[in-house]
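Based on these hints, arrange chain B on the given structure of chain A.
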Amino acid sequence: MTSGPPALQAIGLSKRFGQVQALDDVNLEIQAGEVHALVGENGAGKSTLINLLVGTLQPDAGRLLVGGREMRFRNAREAAAAGIAAVFQELSVVGSLSVAENIFANRQPVNRLNFIRQGELTRRAEELLRTFNIAIAPHTPVEQLSVAERQVVEILKCLAAHPCVLLLDEPTSSLTQREKEMLFALIRRLREQKHGLIYISHHLPEVIELADRVTVLRDGKRVATRLRREITEPELVRLMVGRELQDIYGQRQTVDRTGPPRLKVEGLCRPGRFADVAFAVWPGEIVGLAGLVGAGRTEVGRALFGADPASSGRIVLDGRPALPRSPGEATKAGLAYVTEDRKTQGLFLRHSIRDNLVAPRLERFAARLGFMRDARIDQYAGACRQRSNIVAPDVHQLVCRLSGGNQQKVLIAAWVGLEPRLLIADEPTRGVDVGARLEIYGQLRELAARGTAVLLISSDLQEILGLSDRILVMRAGRIVGRFDCEEATEERIIAAALDSTH
Amino acid sequence: MKTASARLFARLRRVGELRILLVVVVFWLVMWLYNPAFISAPTINTVLLYLFGYAIMACGMTILLVSGGFDLSVGSVSALAAIVAAVLMKDSGAPWPLAVLAGLGIGAAAGLLNGLIVAKLDINPFITTLGTMLLARGLTYIVSGGRGRSGFDEHFCWLGQGLVGTVQWPAWLGGAKWSGVQMPIVVSLALVCGADLLLRKSRFFRQNYYLGGNEQAAWLSGIEVNRIKLFNYALSGTLAALAGLLFSARLDSAIPNAGDGDELKVITAVIVGGASLNGGKGTVLGSFLGCLLLATIRPAISFLGIGDHWEKAVVGLILLVAVLLDRIGRKP
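Residue numbers (this note's numbering), protein chains in the order written: chain A, 551 to 1052; chain B, 1381 to 1712.
Bound conformation, chain A alone:
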């Protein structure tokens, strides 16, 4: 590691919100040319720490040193001006503008009349793109780029301000494997260029792969800072949750497949998306649907739920044909669908936990004439919150104020509460920490034990292997592999998903 003052140093940072000590005397130091990962469960104080570093919150106590000089940020803009740039999950690029204009937002080269020098702008963007080996034309409008490419533009935009510390918050949560590689290459190149990088991720294998050092937070305190070569994934998990985790996926129950299946799908087609999909799920069974992003898994899930109905094929639910034409019909038939994108498709972010919990089942709480029975809703919502262990002062808390893990718990609780006959869970633990994962897995298991059939769509192979009784693998819109849990291995699933005959 380099000598000289660290790029960013936090000494004894503390922050209290009302009764809660969100951050307690935390030290953190980021060297130039280091990738420093920050891990911890939701509620461990990560987001508070980040907000203090980038100036959106101010500490109650503690000091912040940038390149050895003490700084106090009143807002995020002052932090950015001091060289601390943050790439957040929500992208800030403007779709209608070109890549070059997005990268140099408000820093475009201008002539004496304050007009933008287009040639110079393009040239500088090209230079930057070339430095990082990125094959995007500078004049492409950003709306034509993929999510990963937008993320790269976002990072380059931060870099154009010549920051000394770059903070990446869950940058891979919506990326495919190949896109991740592209991003990691960029991060490694930034490290070579002596940038200090703070990397926040729930995905521990990524952390181990990428980081030079890892700092673990728990309950607002720093538990440990370790060099990468001194730490393993199980140890990280132990540090994060403060106890040993034997098997976070819980115990499998034996499934009785002698009776009729809960769900039977035959020859399901949707041109351009998937074709000839056939499988069955028995009551109490968890069936995993694996495959690469874009293989058609979500599309099958949405077709079963009637969101994008299939054009042909048969869906039989408990012996009766059911081809839902809309989510409303599907819900009536006893289907539930936990969407992969909780923020835009799953939750009503600006409504309370209570409102979200009852959203899929309003009619069950309606009295005659359609008036809502508030007392019953309160009772139900309170019970749900306790059962799902949603961390919030009360059920009237707005969902947008909750951490990602708790939001996901609300989403799943809302659908689990329907006691559906079949639950389709699409990426139920995306962007969620170990503790919340544990609870979500517990809920899925419990639901299955009560006789619900579960179809689990996930990109997390460990999750698929750990939870599923049987595993289906999709590739290019078709089911190309079927495994029992005993015979399934990570290698076999990947081989099927990638078509290893190539």
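Do not take every clue at face value.
[To be verified] Stretch-level coverage of chain B by chain A, calculated; a stretch enters the list once three of its residues show a Cβ under 8 angstroms from a Cβ in chain A:
1. 1546-1555
2. 1587-1593
3. 1600-1611
Everything labelled a hint here was simulated from the structure, so no lab data went into it.
Heads up, the beta-carbon is just placed ideally off N, CA and C, and yes, glycines get one too.
Leaving out everything else, chain B in the frame of chain A:
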């Protein structure tokens, strides 16, 4: 060779106004095929005279929409500015330049009020400008006593009626006389060109795209968000006032219910021209082409002999089709 044509095609696709330009050209072409007299100096002159006020207001509206703003008050503000200037000239005997300045000042003040409420108090622009729209319209009636004014100073009227660029061709070129173009047309075209250039090239105006794309990110990039909002609303108000003044000068008359509903026509034209209520996109040229398309509908309808009752329905259809096309275009 194929790559070159592909590159040309990609380049053309990046020209945001291409779609509206094509629509305008096809529309004119069809009309010309139907009756070649449609494309003639008198028709074009009529159309430009009809749309100059909308074009001027569209400049401010485009910038506002790009920045994620919105202004319903332009129609009322244009009437208020014209009435205030008229009352000053006719009732108080003020000299016309002073009256014009006062009118423009009223427009700027109304815009600043909008901007202050939207930027500093963080009130939704739709509600804010709905309020100032009613307020300005009310003031127009209060100030005027509900009566119109006419018979203005001839210099003032020249602003609306004067001809620019009158040319007497020499005898060897035929000796014909080119009557020139009315002042408001010149002013509106100059403003459209200037505003388009600025919004395309100048760093200051370019900030609006970032602001409309993502306000928080724009602020973090060092853009003075509130200052730009104030400027945009003040500009929109001032341009509305200018449109109102030119209109009253052209007709030599100012009436309290002038410009009623103009705000919706302007917004329609701007959206047809490619801007979005979500902000972040749109150009002044596109908006002008939108104005042009909508202004051509009236003469086209009379050429086709369909009957004037059809105009509004056609405008509505065009708006819906434009938004639909935009939606299809965004989903490759």
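Do the hints match the structure? See the list:
no., hint, result
1, 1546-1555, "violated (count 0)"
2, 1587-1593, "holds (count 5)"
3, 1600-1611, "holds (count 4)"
Against the hints set out earlier in the document, a violation occurs for number 1 only.
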